[in-house]
Amino acid sequence: MSTNPAITFSHSHHLLAVRGCQPELDVLAFEGDEALSQPFSYRIEFTSSDHAISKEMMLMKPASLTLQAPVDQGWGIKIQQPVRVIQGVVTGFERLSTSRDETLYALTLQPRLALLDRSHQNAIYQDMSVPQIVEKILRERHRMRGQDFLFSLSKEYPRREQVMQYGEDDLHFIRRLLGEVGIWFRFTADTRLNIDVVEFYDGRKGYEPGLTLPSVPPSGQQSAGVDAVWEMASHHRVVEKQVSTRDYNYRQATEDMNILVDVTRGDPTTSGDAYHYADNYLTPGSTYDRNPAPESGAFYARIRHERYLNGQTQTRAVTSCPTLSPGQVLKVTGGYEVAEVFAHGVLITAMHSHARRDADLTVHFDGIPDSTGFSFRPQPGIRPVMAGTLPARVTSTTPNDLYGHIDKDGRYRVNMLFDRDNWETGFESLWVRQSRPYAGDTYGLHLPLLAGTEVAIGFEDGNPDRPFINGVLHDSAHGDHVTIRNYRRNVLRTPANNKIRLDDNRGQEHIKVSTEYGGKSQLNLGHLVDSERKPRGEGFELRTDSWGAIRAHKGIFISADGQPKAQGEVLEMGAALSQLQQALSRAEALSSAVEAAKAELADIQTQKALLQQTLSGLKQSALLLSAPDGIAQSTPKSVQLSAGENV
1 MSTNPAITFS
11 HSHHLLAVRG
21 CQPELDVLAF
31 EGDEALSQPF
41 SYRIEFTSSD
51 HAISKEMMLM
61 KPASLTLQAP
71 VDQGWGIKIQ
81 QPVRVIQGVV
91 TGFERLSTSR
101 DETLYALTLQ
111 PRLALLDRSH
121 QNAIYQDMSV
131 PQIVEKILRE
141 RHRMRGQDFL
151 FSLSKEYPRR
161 EQVMQYGEDD
171 LHFIRRLLGE
181 VGIWFRFTAD
191 TRLNIDVVEF
201 YDGRKGYEPG
211 LTLPSVPPSG
221 QQSAGVDAVW
231 EMASHHRVVE
241 KQVSTRDYNY
251 RQATEDMNIL
261 VDVTRGDPTT
271 SGDAYHYADN
281 YLTPGSTYDR
291 NPAPESGAFY
301 ARIRHERYLN
311 GQTQTRAVTS
321 CPTLSPGQVL
331 KVTGGYEVAE
341 VFAHGVLITA
351 MHSHARRDAD
361 LTVHFDGIPD
371 STGFSFRPQP
381 GIRPVMAGTL
391 PARVTSTTPN
401 DLYGHIDKDG
411 RYRVNMLFDR
421 DNWETGFESL
431 WVRQSRPYAG
441 DTYGLHLPLL
451 AGTEVAIGFE
461 DGNPDRPFIN
471 GVLHDSAHGD
481 HVTIRNYRRN
491 VLRTPANNKI
501 RLDDNRGQEH
511 IKVSTEYGGK
521 SQLNLGHLVD
531 SERKPRGEGF
541 ELRTDSWGAI
551 RAHKGIFISA
561 DGQPKAQGEV
571 LEMGAALSQL
581 QQALSRAEAL
591 SSAVEAAKAE
601 LADIQTQKAL
611 LQQTLSGLKQ
621 SALLLSAPDG
631 IAQSTPKSVQ
641 LSAGENV
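Residues in the sequence shown are numbered consecutively from 1, following the working numbering.
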């Protein structure tokens, strides 16, 4: 038998009240849906002698539906008492029909949390945990206060670097975040303040035990005058045996991020491995930890497996109990017709109620077993998939920064152009990596971006919480340096005007490498032009307004001998050596006439050794000058030649 007071429900006694509405509202019928982690919705039809109730009198007004029943006080005395109050706000209003005596209306009663789906936002949240983000939205965007919601959590959730809301309404967004970490919510009524309260839980701590009802068919229930349960059904199916998860954290690129979790520890009625990639965790956690660190890989794997196990056994039944609500644990007493799952206790996860003046209250409810091995876990909802890129600007903590503002890993902060929050300058986002055409272990191609530069933000796997700089763009405030005016040029230019220019104009090709330091230092190759693109020479020019030096440890060969089309070896010096060999031959011819002069013969041998052992192929550090039509030196002052041995 039931352990609860006997209740006989009468529809003629439930009450509808709307704040500020003076006309009497007589409930004709109502139909409502409630579920864990979902705003409830009741459609209530009512009549009134006032034919002029307007939408302004109803919409957005706090309202309540009070279910009353005669409660047995003993000695045959029954007193009409409220057994449940449903608080909320009117979100819909209808005028259905009218007669001389009364008009039929209908309204929709929902919790204030339901209004969050009217708020569509694009926003950035930094350095906040999931509960903190939810609280920020409730307080700042929807003006809720401490008495309007309650967090009763068993874990402390870590702060996330950045969470992005893009194109989501606030309700979907917070349900997605809460569902990802296994936090669920339910609604209660504060009859003292006449408000609805949303309560957040992350485990069985939020279950409301203590409701026990007998198993009695409808006819027996009516005759006995007690609330009961009937049409009980349970559905069982094979679900996933284990969950595997893997992620990649570039901050710890070599860490093993593989995790496998089986919450049941070997339930033979389960099968299969559910592998999920990129649950967005930074640490793997422990496979064997029954209480893993929040938002670790093991934590997400466990939450996912518990969610699968929620579908292993599903129960359905019907009751006449008006006090039933999602989050309660219901136990059913009776004989053989009561399955073990009902006798042990089921958590009410969803219910559909309906009643009319001429029909008793009927509640169809769904539930899952009240298990100590796992908890109810809500579905997280669909995360937005960022299919393209979003515009942003690079930021810096220094106004008019001359240099790129990057961290020790070469990352940037950016200001997403959709973000309307006023962040401290230079702290508009988490540190964001940049995709580059070439990268490796302390090598690659990195041209630092300055504050104000427009960038295209991409997202790993379309995840809005994993941004990176996908590309860099010019805009009207930061014009392109290659346009229709110089479209034949390929130019790499830095903010300090260090430049590499490659001109592809056919027949006038040239390359220029220059820097502004010391006036100007340049290497010009090919068709040489001035600042107005007028020809000023051909070939190559190495010049500077400061000092210059040419230095090569193994030797230098300077030659005016031709080598058309860059054919031949770098140290091809046949012409130069030929000239030197001819000079040596003439010297040898002269020396044969004066063989008695030992000193002259020694000098010739030295020159021969210089030619063969040093200059030929620049076998040793030497300078070789060669020109087929002459070499000249000129200065208005002095020329000095010095040699330790021979000149």
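It cannot be assumed that every hint is accurate.
Simulated crosslink set (DSSO-like; lysine-lysine; CA at most 30 Å straight-line) [claimed, not checked]:
1. Lys-155 x Lys-61
2. Lys-534 x Lys-554
3. Lys-637 x Lys-608
4. Lys-565 x Lys-554
5. Lys-241 x Lys-136
6. Lys-520 x Lys-637
Here are the in silico distance ranges between beta carbons for each label pair [stated by the list, open to error]:
7. Glu-645 x Asp-441: 48 to 58 Å
8. Arg-192 x Ser-435: 14 to 24 Å
9. Leu-96 x Val-238: 20 to 30 Å
10. Tyr-288 x Asp-401: 45 to 55 Å
11. Arg-411 x His-553: 38 to 48 Å
These aren't lab readings, by the way, just hints derived from the structure by calculation. Since we're looking at a predicted model, the values are computed, not measured. No residue lacks a Cβ here, since even glycine has one placed at the ideal position from N, Cα and C.
*Would the pair Lys-534 and Lys-554 pass a check requiring their Cα atoms to be no farther apart than 30 Å?*
39 Å, violated
_Pair hint outcome, Lys-155 versus Lys-61 [Cα-Cα no greater than 30 Å]_ = 36 Å, violated
*Can the restraint linking Lys-520 and Lys-637 be considered satisfied, given a maximum Cα separation of 30 Å?*
27 Å, holds
*Take the C-beta atom of Arg-411 and the C-beta atom of His-553, compute their distance, and say whether it sits inside 38 to 48 Å.*
Holds: the Cβ-Cβ distance is about 40 Å, inside 38 to 48 Å.
*Can you let me know if the beta-carbon spacing of Arg-192 and Ser-435 is within 14 to 24 Å?*
With a Cβ separation near 57 Å, Arg-192 and Ser-435 fall outside 14 to 24 Å, so the hint is violated.
*Evaluate the given range 20 to 30 Å for the C-beta pair formed by Leu-96 and Val-238.*
48 Å, violated
_For a C-alpha distance cap of 30 Å, please report whether Lys-241 and Lys-136 respect it._
Not satisfied, since the Cα-Cα distance of roughly 38 Å exceeds 30 Å.
*asked:* Just to be careful, I want the Cα atoms of Lys-565 and Lys-554 compared with a cutoff of 30 Å; is the pair within it?
replied: Given that 30 Å is the threshold and the Cα spacing comes to 26 Å, the pair holds.
*Given the hinted pair Lys-637 and Lys-608, is their alpha-carbon gap at most 30 Å?*
33 Å, violated
*Can you let me know if the beta-carbon spacing of Tyr-288 and Asp-401 is within 45 to 55 Å?*
49 Å, holds
*Kindly confirm whether 48 to 58 Å is satisfied by the beta carbon distance between Glu-645 and Asp-441.*
Check passed, 50 Å falls within 48 to 58 Å.
Going down the numbered hints, you'll see the structure goes against 1, 2, 3, 5, 8, 9, while the others check out.
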